[in-house]
Each structure stands twice: as structure tokens, then as C-alpha cells.
Amino acid sequence: MGEVLRPHAEQEYAAELGRLAELDDRPRPPGWKLSPWAVTEYLLGGELSDGTVITPKYIGPRRLIEVAVATLATDRALLLLGVPGTAKTWVSEHLAAAISGDSTLLVQGTAGTPEEAVRYGWNYARLLAEGPSPQALVESPVMRAMRRGAVARVEELTRVPSDVQDALITVLSEKTLPVPELNTEVQAVRGFTVIATANDRDRGVNELSSALRRRFNTVVLPVPASADDEVEIVSQRVAQLGRALELPEPTTGLAEIRRVVTVFRELRAGLTEDGRTKVKTPSGTLSTAEAISVITGGIALATHFGDGVLHPADVAGGIHGAVVQDPVSDRVIWQEYLETVVRERPDWGDFYRACREVSA
Amino acid sequence: MSVEVYGIRHHGPGSARALARALAARRPDIVLIEGPPEADPLLPLAADPALVPPIALLAHTPDTPGPAAFWPFAAFSPEWTALRHALASGVPARFIDLPAAHTLAPNPPDTAPQTTTTEEDADGTSTRRASDAATRAAATGDDASSSESAEPARAQRGRPGVGESGAHGVGGSGAQGVRGSGAPGVGESGAPGVRGSGAHGVRGSGAPGVGESGAPGVRGSGAPGVRGSGAHGVRGSGAPGVGGNGAHGVGGRGAPGVGGSGVQGGWVGSAGSGEGGMEGVLGDPLGVLARAAGYEDAERWWDDVIEMRGEEDPFAAVAEAMGALREGYAASGREERREAWMRQAIRKAVREGYERVAVVCGAWHVPALREKVPASSDAAVLRGLPKVKVAVTWVPWTYGRLTRASGYGAGVASPGWYDHLFTAPDRPVERWLTATARVLREEGVPVSSGHVIEAVRLAEALAVLRGRPLPGLDELTEATRAVLCEGADLPVALVQRRLVVGERMGAVPESTPMVPLQHDLRAAQRRLRLKPAAEKKDHTLDLRKPLDLDRSRLLHRLRVLDVEWGSPAGAERGKGTFKETWTLLWHPEFDVRLIEAGAWGTTVEEAARARVVAAATATKPPDLPELTALAERCLLADLPAALPVVMRALADRAAADRDTTRLMAALPPLARSLRYGDVRGTPVAPLRAVVDGLVVRICLGLPGAASTLDDDAARALLALVDTVHETLALLDVPEHTDRWLASLSALADSPSLHGLLAGRLTRLLLDAGRVTDLPARMSRTVSVGTPPERAAAWIEGFLSDSALILIHDDALLSLLDSWLGALPPSSFEAALPLLRRTFARFAAPERRALATRARRPATAPASDDDLDLARAAPAVATVLSLLAPSGIAPKEPR
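First to last, the protein sequences are chains A and B.
Position in the first sequence (from 1) plus 303 gives the number in this note's numbering.
Position in the second sequence (from 1) plus 939 gives the number in this note's numbering.
Hints listed in this document are in silico derivations from the structure and should not be mistaken for laboratory results.
Some clues are possibly wrong.
Capping the alpha-carbon separation at 25 Å, the derived lysine to any residue pairs in SDA-like fashion look like this [as the list claims (entries may be wrong)]:
id	chain 1	residue 1	chain 2	residue 2
1	A	K336	B	A1402
2	A	K478	B	G1426
3	B	K1476	B	P1507
4	A	K478	A	Q490
5	A	K478	B	P1507
6	A	K583	A	E642
Sequences and hints are given; from them, build the entire structure.
What follows is the structure in C-alpha cells.
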């Protein structure tokens, strides 16, 4: 069997988690693999007493991670809100990996998520053959997490239909999941909690009921505060992805990354970084995550079709695709931006020509 | 005999609580408090239940308005605790700081003559600003530099002792900030560091000196071993004021140990970094220690580190820390004098035979007050200080003014939170979050008890995670955001304003010394049931009711006195003349302005009148528009006695003014005042006389004003003609209207008149029914003999931004149409831009209607002949009856 394409967080950072657990002498809440301090350190990075370097998983305000960890430590559920691409899923995966050592108890929320995904389902062959029995029961990730005292993750909670969302209320308030067919229930073991993520850009898809909402503590993940933070995030992720995809690191990476980040930030904010020129904002979200994928795509192009050096031409296509989501209005916005902002910048000539070529 | 010195943190509830415990245990027989000794006679008032903190001691110089200083006290201020303790246990209390008589006095002449002159210049013009700034409570802090650097402490000195050493920086900064002078102070002072910091801190805004002096400080604090302070120094350097202090840390300090000096530099720095406001150097030595220990909030550090040590006396520990901070540091300048004075005051108390003396002062001063200094050297320091006559009183203060953001150097970030910490009997976390939930509910955010429970749990978990014994404001705010507000920032900001800062305002009893003007205002406030509050409140006054009318008069009179307690909300001149909307918000500095205004009279009315009269008869007379505005205020404030004076000045001025356009600009406000007069019951006869005179002058002067104008001037005059015309229509005096229309019609025929004006005058006359030969005039204008530019301007003026007349008068439209059609190409090109501009102003439907008509101009005009008068009659009657009561109905209905 070949190497997996994308290892889970607990696999990829197994070494860091192991060292943290070894050196962690603070009290751990029941069911936790690490103490809250160690979890915070795992997320935010740092250096351990034996010199092990913990890479930062989240670059942003410390207090957000502290609030998130403190929330989970009080066995409250955590709701991570933010526009797409603000590392909600990323943070939730790493929190689960650090706390439970398992980030796979995942319910992906979609418009078609059935109640079985949150509660339990049946193996119908057995159900018909044997009648209701524990063996015929198919557990959901949430149920498994309750049994094991682990963190369950629900992605895109607002996409889940309201009736399915409400199935979570009992789980979160009573910490139990009744199985009336077997006249039994699964009671959550200590350590169980839920991390949900939701996108507040298209709020109202299935707005959470206030009964459910009030069972979550909310942490809003912001877009990166400064361009430097964002460049840091992008280059770090690109380096990791590049490793996973076995792409050699191209040489002029940072300059190009900075350029992509600048373009994204300016279009997102509707204002150039020097605060002098207003630009229109396209319909796409232009998140940090998209910037990462533009760069990764550019590197793949540079490696396989170019000279291994990341040139503006390699990212131009990706940027065009990320910005122009709506073929009519976004196209105009992008061309306006190219002509009024990009063209004026002295060192951006190559980039301008590359983009013109792509969008022509 | 024993003297115990308690070093406190100004406005620190932790200090206050510890102090209360210590005083109760020690039972001193006299309490000496850092504060202006002039206030001693006022101390018994603190026992009056009607004196409710937050309040402030205000020291001002009755003879020369301008300089003033405040010493604010909140319920949680340790000084207040000490005062209440003394009063409750019947022992004397005294203020022992350098008297305000010295701190407010101008500088001794022997220093820096060059600055003194600048000073005076500045004073001449900026008394007001100085006092304003003072009120702004930059006030705070004692300033080390002010007297040295030739800063007559005209500036606010603040709460001396607030931040001790920091304080001196602050005061200095205040002083100079106001004055804008003070660079010299740096050079002269023996201990450049200290004074320098003050001076620079002040200027804060980036005087070059700052940078230089800052640099060493920063570097100094970076010395190894003092990680925390290094950090502060650096951070501090961000604010210019800080730099100066940093310098002081390094230079003055002599570095007896890396650690110590580093801290010192850092301390100053961090103080400056405070909130980066004008405080430049906020003296908060405890804050520095706290930051060195990794705490953002000194209160929290005090609670965690000092109070949690149990029964141990925190004051010993604080004194020790301050001793280390001050090691090798010699006070100089104002600080030296203050400490000398305090030592003298302590000696005096001891000489008088008190056995257990308790001294309450800023922590920074503790080592200096304990130091054994010969009385003679203190006496030498204090010899020959300049002096000024000072009056002191209590004034109400607000929590908003206690915040650092308000510019108060020794301010705290969260007075509301401190108040809560001090007053909550137990379970501060639970109580705070419950109070938060209540505020949110009041604002319509649904918050249940379940939310509060979870918020408490989260706050506690966060505190544990951060290694703090109890959740502090940071944790509570984060819990509020994550649980109570569900991640939203807006309600968090609301909590910040309503709870963390708080909107509380203090009160002072009747017996407080006040200038008669203040007494009068308080009486008026009671009578009119208007209570000063630190919270914005809207009042709509119905001027037909006597009570509301009186309120309106009071607010207008206060505005005359620069006490903008009420500001007219929304459109100052609404359509109705009997309704006024005011937004009321009391600021503590209004008391200072009242005291200053006390020079004008003993009642609000008298003072306002005197002020108006003085303004009207000033040696350099105000110009016409100013005078008319003054007259309007006079009427609004109901100052009939001042009106004749203003009117006379106005009439004189109008007679002398050759500029007709100015007269025209002056007319509308006066006419408005005439109309107000009716509602307010003000006698308007003198006003009417002035208006009459103005109208005559305008009518006579108009032809002169309208001759040989270029385009811009014509446009400006056009606007004036329009307003005058409207105003006269409002006044509805037939005599005036006739005169005006007559002069207009004489002018309209003048061939040299600018086309724009000619067109507009024709239109005004047409509307007034004075033009019968419109088609003839128009065709004259657009005929070949007239340059097309003039014709186009005439049309613009005539149409006056509306195409309605063209739409409804086919004759005019066809005239215009044929003129346009007949223009030769070159003339057409010249006229086109002008016409384009005119037509672009029309509303889109008008343009559309016009275009439709222009396309088929030959159609027969719609005739009115087929109207069924019998059927129309009832509708006409109804419309007339609707219009009649309001007086809008035409005089002769057809």
C-alpha cells in the first residue's frame, strides 16, 4: 500500500504530540491526552524544555486559541465561525488531534446530511435477519466519540438541515444518545465534546436555532491581521503541501507569495495596501486557503512545465481562476484592478503581462 | 510616636481595600493624604452623604481665569478610602502635597526668560485652551518639569502623586502640550533626564528632542537581566513621550545595577506606552512592576501578587519594590519640592504631638518620605516659591473622565470594573457576568442564566489556563464575547462602554463652595427638572409650554457662556418654530467654565447678558454676520436687556458696511429671529427696526452690487438674491416686498446685467405677477443680437433648476426651440455647454417630458375649456379648507 496523500494531523505531527505528552506534567482533564497548556502550545508553537521545536499550527491571536481550549476543557461545545478559508477546519482538526489523539470522528455537514450521521444507523441486512440488536446498530462518529470520551467534529454545521442539527441538542445538553429501539442509551464518557465549524459568510443557509446556538461557545476566526502574518501562513502551508506532493521548493517563492497575498488582501478589503486606491471587491471569498492553493498550483506548474523557478506566469492562471468566479462581473473587476493598480506598480510588470495574457 | 507611610496605587481598588484594612488595624490618630492642602477645609464635606464619588477637587485661580487643576476621586480610590476612614473614626485628615498656590503659580522669573516670553504670548491668546486642556484632565500627574522649564503651571497639573514619578512626566507634558513651548526646560534642568522626560512627554507629538532622549532609555532598558522592563522600554518608545522618560531612567539613574536601571527605564517607557495618549508618561510604577511580571493590568497583578499573599502587609512589599526602583535616583525640580513639602508636613504633624501618623501617598514617593532628610535642606528647597491665590472646591466627576482614553494621565482603563471590584461584596466574577447579562438584555440581546453559567465556567477555565488565581477583566471580556455575545463584537463594545467604563457621574452637596453662578445654575436645574448626567439624553422641548420655554432659555444662555451642556440635535432650524430638540450631556469641565464665567455675573442670565454685550461692543467689532448670529442667540436665550446693545451695534455696522452682499447675508438670520420672537414672547421691536433698515439698504444697494459681475460672482449673488427673496416672502411685509420687487424689476431691464441674474430676476418677477410680457422678453433675450452665452445663462437663471415652466408653457418652449434651431453652428457650440449644464440639473422625469414635447412642438396646446367646473368645485373647496387654517391659502382663490 502506498503512502497516504494527506496524513491526519495526529499522524503527521505524531512526533511533536509524543514529545509534548512526555514532557507535559500539568494536570490533564479527564479523557484528554494532553493538558490544556500543552494543547495551546501545540497549536501556537514554541520550544519545549528539551529543545524540541513545536511548529505553529495557527498563526493568529493567542487569546482565540486559549478561549477555544478553555471552552473544551469545561466540556462545552465549541463553534468556530469565520469566512471560508480562515483555518476553521484546520484548527478543529488539530484541536481534536491534540486533545483526543484522533481527528477522524468527523461528520461532514452537507445539505444531505442525514440524522444517521449524527445519531446512529442500521445495518439493514442484520436488522431484517436478527431484529434490532446492538450488532445491527451502525454508530455515527458522534456516538463513537461519546463512547470513547473523544472530540467529535462537525464540519459546516450551518449546511446541515435544521432537523438534523437539532439532533445535536440532546447530545450536547444531556450528554446522552438514547437508542429507543434497543431500549438503551449511550452515555458520553468524560472527555467527549464537539467542535463545529460554520461559515458566517453564507449565514442563513440553515441558521442555528437559538437552543443549539446557546450550547456552543463561539470563537470567530478572523482573516489574518497583517500582510506579514498572511505571507507567513501561506508560505508555511505551501512548504508543507509541497513536501507532501514532493514538489521541490522553487527559489523565488517568497516574493511571489507576497504578491499573491497582496492581491488577495487588496481585493478582499476593497482597498490597496497603501490605503490610497479603492478597488471593487469580487464575489469570491479570496481566503488565505485559496492563496495557498494558487501558490501550490503555481509551484506544480513551475516544476513540471517550467524551469523550477516560480514565475508570475505560473501563478497568473491560478489567481485569475480564484478571482473571477462570476464570469461577467468579476472579470470586469479583475481587469480594472489590473489596469489601475497592478500596471502602476514598478516591479509588477511581468506579473501584469502574465495576467493580461491569461485573462485576454 | 510613629509614622507609617502607605504607598498606594492611585485609583487602585486593591490598594484601597488593603489600605482600609491597614488603617482599621492601626487606628492612626491623624491621616495625611497626598493632595492640595488648600482643600483641607473642604474635607469634612466628604462625610456628607450628598457627596457622591466620582468627584474631583478643583483648584483654580479666581483672579486670572485659565489655570486649573483637578484631583479626581472615585469610590475605589485609596485616598478616598483614607479620607472616609479618618472622618468616620473622628481623626483629623490633612492634605500634604505641595499647595496648589505654588503649582498653579506662574514660573519664577529666574528661569528661562526666553520661554517666559513665549509663554506670555501664548497666554494672551490661549487662556481658554489652557483651561480646556486642563479640564481635559491631561491634568493629572505632577509635573516635574513645569516650573523649571518655565511652564507656569498654567497647564493642568493633575492629580499630584497620581503616578508619582510618572506623574511628573505627565504634568509636564500637560503643561507643555498646551503651551507648545518648553523645549528649553530640558536643557536647563540639572537632572536632564527627569525634567527632560516631562518636557518631551508633553510634546508627545514628535518634537525632535523626543527621539533623541528616547533612544538611550530604550537601549538602557534593554540591558540583560531585565526582560520585562526591556520589553516595556521598547514598547514605550512607540509613544514619543516615553522616550524622554527612558532617557531619564538611564541618565538620572546612574545604573547602580542593571536590573534596577533597566526597570526604571522600562517603567517610564511602559507608562508612556500606556494607551499612547497624550499622557506621554503615565506614572504608574506599580503598573511597571506588573508589566515586568507579565501582567497587562496592574490591578490584577496587585491582586494576584500582593493581596493573595494573605495577611502579610502589602505596603512593606511595595515600599521595598519602590525603594529598589528609586535606588540611586534623586528627585529634582517639582518632584523634589513636592516630596520636601510632604516631609515638612509630616514633621509638622509629629511636632504637634500626634502619636500614630498615617501617610497615604503614591507608592513612588514612599522611599522619599521615609528617607531621613534634614528639615533645613527641605526648607531650603521650598524657599521663595512663587505663589498665586487659589480657590478650591469639589466638583462632580465622571467615570468617562477617569479613563486614560479621556486624556487623564493617571487614568485607569476600566473605572466601572474597578468600581465593581471594590464594591462587590463577594463572587466578583459571577456578579460581573450577571450585570453584563442584564445590560445586554436591556439592549435586547437575549441572554439567559444558562449563558451566564457557561460564561463563568469559561472565564474560570481561561484563568486557570493562564495561571491566574481569579478571572480578570480580560478573561471576563473573552467569556462575554464567546458565550454571552455568541462571537459578535458589537454587543461587546456596548458592554465596554456601559459597564467596563461606566456612565456614572458624581454629585456634590449644596454646601460645597461654589461661585454664585454655579449656585444659580443648580437652582435652575432643580426648578426646571433637568439633571446633569454623564449619559447622552435627548429632550424635545415644546416652546409653547412655560417649563420647556424656560429650559430652552437656560440651555441657550449656557451656550452663550460656552457651556455646551445641551447641543441642538438634528436640524437646528426645523420647520416648526415651537419645537426644539436638545441632546444633553454634562462634562465635568463645565464647572470650570462656569467658574470662569463667574466673572461675568452671578446668575446665568446676567452672565450671559454681560457676555453678549461685551462681545457686541468689543473694541474690534465683530463683522455683520457675527453680529446677526449674536442677535439671534440673544433672542433665543431671551436676553432682552442685551438686545438693544446688539441692535445698535448691528445698525451701526450695517450703516457702515458698503458691501451689499454682506447685508444680504445678514438678513435671513435676523428675519428668522423675528419669527422666533413670536413663539418665545421676546420683544422684537428693536429687531424689526434693524430689519427694516437692512431691507431698505439692500434694495438701494442691489443695482450697484449687481453690475459688472463675472460668472462666479453672479452665481454667488444669485444665491443671495434667492435667500433674500425667500426671507422677504416669509416676513410678508407688503412694504418690503413692494420695494424689493420694484428694485428687482428696475434691475432686470438693465442690459448690462449678467444673463444669469437677468433670467432669475425675470423669473422671480414673473412668479410675483410683475411680468406680463414674458414671451417678448424671452424672445428679446434669445434674438440674434444677444450673444448666445448670455442667452444660455439667462435661460439657466430663468429656469432656476426646474423645467416645469417649459413643460407647461408651450409658447416658451417653442420660442426656445426655434431659437436653438436657428442658431448658427458656431454659436450653437458656444451655447451648448451652458444649456447642457442647465438641463442636466432637471429631474429625469422632467427631462423626459420636455423631450417628448420638444419632439412634437406643433401640437395644439391643451385647452382648459372642457373642465367640468361643477365637478371640480367640491375638490377645490376641500383643498382650500385644508390650506386655509395654516395660512397658506392664496389670498384670492379663483
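Hints and how they fare:
{"no.": "1", "hint": "K336/A x A1402/B", "verdict": "holds, 21 Å"}
{"no.": "2", "hint": "K478/A x G1426/B", "verdict": "holds, 24 Å"}
{"no.": "3", "hint": "K1476/B x P1507/B", "verdict": "holds, 12 Å"}
{"no.": "4", "hint": "K478/A x Q490/A", "verdict": "holds, 6 Å"}
{"no.": "5", "hint": "K478/A x P1507/B", "verdict": "violated, 58 Å"}
{"no.": "6", "hint": "K583/A x E642/A", "verdict": "holds, 13 Å"}
Hint 5 from the earlier list is the only one contradicted by this structure; the remaining hints agree with it.
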